[in-house]
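Work the whole structure out from these sequences, hints included.
2 protein chains.
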Amino acid sequence: MSQTPPSASRVNSADAALRARAARVIPGGMYGHLNTNRLPAGYPQFFTRAEGCRLHDADGNVVIDFMCSWGPIVLGHHHPAVEDAARAQAALGDCMNGPAPVLVELAELVVGLVPHADWCIFAKNGTDATTTCVTVARAGTGRRKVLVARGAYHGAIPWCSPSVAGVTTEDRAHLLHFDYNDIASLEAAVEQAGGDLAAILVSAFRHDFGLRQDLPTPEFARRVRALCDETGAALILDDVRAGFRLHLGGSWEHLGIRPDLAAWSKAIANGHPLAAVTGRDRFREAATQVFTTGSFWCGAVPMAAAVATLTELRRIDGPARMRALGQRLREGLAERAAHHRIGIDQSGPPQMPSLLFADDPEWKRGSAFCVEALRHGAYFHPRHTMFLSCAHTEADIDAALDAAEAGFRHLAR
Amino acid sequence: MSQTPPSASRVNSADAALRARAARVIPGGMYGHLNTNRLPAGYPQFFTRAEGCRLHDADGNVVIDFMCSWGPIVLGHHHPAVEDAARAQAALGDCMNGPAPVLVELAELVVGLVPHADWCIFAKNGTDATTTCVTVARAGTGRRKVLVARGAYHGAIPWCSPSVAGVTTEDRAHLLHFDYNDIASLEAAVEQAGGDLAAILVSAFRHDFGLRQDLPTPEFARRVRALCDETGAALILDDVRAGFRLHLGGSWEHLGIRPDLAAWSKAIANGHPLAAVTGRDRFREAATQVFTTGSFWCGAVPMAAAVATLTELRRIDGPARMRALGQRLREGLAERAAHHRIGIDQSGPPQMPSLLFADDPEWKRGSAFCVEALRHGAYFHPRHTMFLSCAHTEADIDAALDAAEAGFRHLAR
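Going line by line, the protein sequences match chains L and S.
At position 217 of the first sequence the residue is numbered 248 (our numbering), and the sequence of numbers has no breaks.
At position 194 of the second sequence the residue is numbered 225 (our numbering), and the sequence of numbers has no breaks.
These are computed hints drawn from the structure, not numbers from a lab.
Because the structure is a prediction, the values reported are computed rather than measured.
Virtual Cβ for every residue (Gly too), placed ideally from N, Cα, C.
Nothing false has been slipped in among the hints.
Listed next, the stretches of chain L that the computed footprint assigns to chain S, with coverage defined by at least 3 CB atoms under 8 Å from CB atoms of chain S:
(1) 96-106
(2) 197-207
(3) 308-322
A few chain L residues that don't get close to chain S, going by computed Cβ distances all over 10 Å:
(4) 218
(5) 250
(6) 261
(7) 287
(8) 348
(9) 385
(10) 393
(11) 433
(12) 441
(13) 443
And the structure:
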């Protein structure tokens with residue numbers, strides 16, 4: 032797996048040349064969450080190759096990756112079972128006048144894996160899935176208000192985008208806010224919604240950009256469920272980022288709390304473009320009434336990839352494997368930081384770690400650490416959820432810890 | 032190309048079995064525009080194989096297809112240049128921590144092909160592209176009102192969905208309506224918007240479900256452009272359905288009218304999931320401010336497929352080829368209908384034909400015709416835009432006309 036030893040020398044001329052060309056034909060040089068302008072200087076924008084947990088940039092630098100494409104890569108790039116399934120389906124047909132039989136196979140697999148799921152719908156973006164959940168909840172309840180946690184990310188169209196550019200007041204007219212894990216604020220928002228509460232929309236855990244990650248408290252999760260039961264509102268779990276990485280049945284299974292509707296994407300097909308909505312029978316008729324579709328939503332290749340991905344995750348107990356790997360990373364980082372007497376704050380589930388530094392409100396120390404670790408062959412993120420994959424090995428974690436050691440040493444100087 | 036001669040016998044037992052399974056795990060048995068419940072009885076829901084312009088259903092029936100997956104398939108299924116490019120990119124990497132260099136190549140290609148385009152952004156759904164256009168127009172103008180034609184389809188989320196299930200009044204608070212090709216109604220809507228007009232959003236032509244298709248009149252197109260110029264609003268061309276099929280530079284190029292922003296998807300990558308927004312420099316900064324993204328929007332495989340698709344369409348002058356094929360189909364249908372003294376109404380550009388029947392407000396005659404033609408090996412649609420591809424041959428058109436002949440004979444009886 033280690034094609035190239037981590038190297039402390041980086042030449043970014045090919046990346047810089049691509050960025051100069053991109054700046055001419057793409058607004059801001061890049062769109063969305065993969066814009067490297069959101070990372071410290073030194074991170075590459077373009078990638079030429081991926082294999083397992085390793086990425087190659089345009090200048091030939093190879094890194095052990097802890098972003099996994101911001102979530103989708105759960106078995107590692109070019110996983111043979113996934114790619115064989117995708118190729119076999121591609122040889123038959125992909126985008127046709129209707130779905131291939133693999134649609135039914137995948138829907139049955141998901142309904143079998145996810146306890147609350149009586150049905151599912153497939154889409155392309157996480158935003159498609161969260162938006163469909165909200166629309167189905169409104170159609171099914173005949174109500175309008177949706178409660179969301181302050182600062183939570185649920186997608187990138189006007190009703191939920193973190194940017195307000197081009198957004199009108201009406202796009203968010205029926206959103207009410209609470210603070211994640213804060214039962215009093217949740218109850219106040221439910222009160223405010225009165226008889227018009229359609230749904231409470233919650234992320235699997237609090238994974239807001241730049242902040243420490245908080246797991247849901249059992250009390251909070253139970254209260255969300257109870258308030259939905261009392262009011263008849265839908266509990267929508269946004270499992271786009273965490274789904275299939277923490278638990279194959281949904282990220283609140285360990286709490287014993289099940290949603291009425293859930294949004295999935297990211298890891299479902301190991302990087303092939305797919306999203307899903309699952310729901311209970313109570314919302315089946317509403318889901319039939321809502322018109323939700325896209326030109327490629329019946330594409331069979333990503334569905335075949337999803338069947339292979341979920342089957343493999345189940346076979347190897349992927350979530351447990353990623354948890355163990357994440358735990359090894361977490362302990363190694365803690366040990367090395369302590370050795371250098373550097374205060375760090377690791378949070379979130381081990382499969383999806385966050386690493387912040389003490390007294391670092393502007394992420395300056397985190398950025399300096401990450402840039403140095405990157406130069407030594409590990410791709411961490413100073414502000415966002417990171418991701419483990421099943422393709423990481425214990426040796427990869429240890430090699431990444433050596434790269435992190437360079438980062439800590441740099442900070443200690 | 033003709034693996035199986037058209038056959039008048041159809042057994043739908045495998046399709047029925049799949050539909051029964053799907054009904055248990057998918058709301059309504061299928062979601063969106065590819066739900067066969069929207070077609071006459073006898074149409075298959077599932078497809079097992081596709082090659083060129085031919086589709087195989089689960090029962091082994093083979094048809095010459097005139098829906099092209101409702102638009103995406105423009106060079107035919109399994110076009111070698113497209114699939115070779117997709118496979119080559121897949122061998123390197125697809126969904127990574129940033130785009131591959133092919134993003135830049137594709138953006139430069141699109142900006143080179145499309146005269147109004149100074150920049151572009153890639154997405155996954157047509158709805159992503161239209162929504163981004165509207166949001167960018169609002170961000171760039173600081174205004175809110177968007178004019179849309181009554182009955183036009185611009186996507187499937189609450190602001191634009193043809194269904195109102197789960198939609199709130201506020202989702203459409205800033206839409207104002209006009210009638211396509213009706214200058215007086217357009218001017219009235221502009222008047223109504225007053226100083227708050229952000230954009231006029233127009234389809235490439237009027238292709239509303241179940242109605243005859245109307246090409247834009249030159250007067251109408253010029254008036255749309257002039258009103259945008261006078262008010263400072265953005266002219267948004269929704270070229271999702273027609274783009275790259277009528278003209279590689281945009282579907283209003285033949286009128287000499289260029290938009291400020293355009294939405295593309297469908298045919299851009301011959302069935303691989305991709306959409307695009309193009310725009311003028313005037314809206315570049317606004318496009319930088321709007322946060323528009325998705326987990327798979329940097330996927331490199333569909334971009335490599337798009338480069339190959341657009342390059343091949345340019346090399347062979349795909350739009351001209353599809354126009355000639357569509358013209359042959361149109362003339363053949365007219366001749367055979369006249370022979371049977373059946374009144375038909377063919378409309379739309381030859382590459383995207385519509386076939387309606389006289390005195391058929393509920394599409395009953397159209398449905399009967401289509402079912403009979405399907406039994407004889409041609410997949411037409413009784414109510415929706417149809418699509419030619421470059422994989423159709425003159426012999427395929429003639430074979431489809433023989434299947435249509437069976438449909439006309441059936442109606443004449």
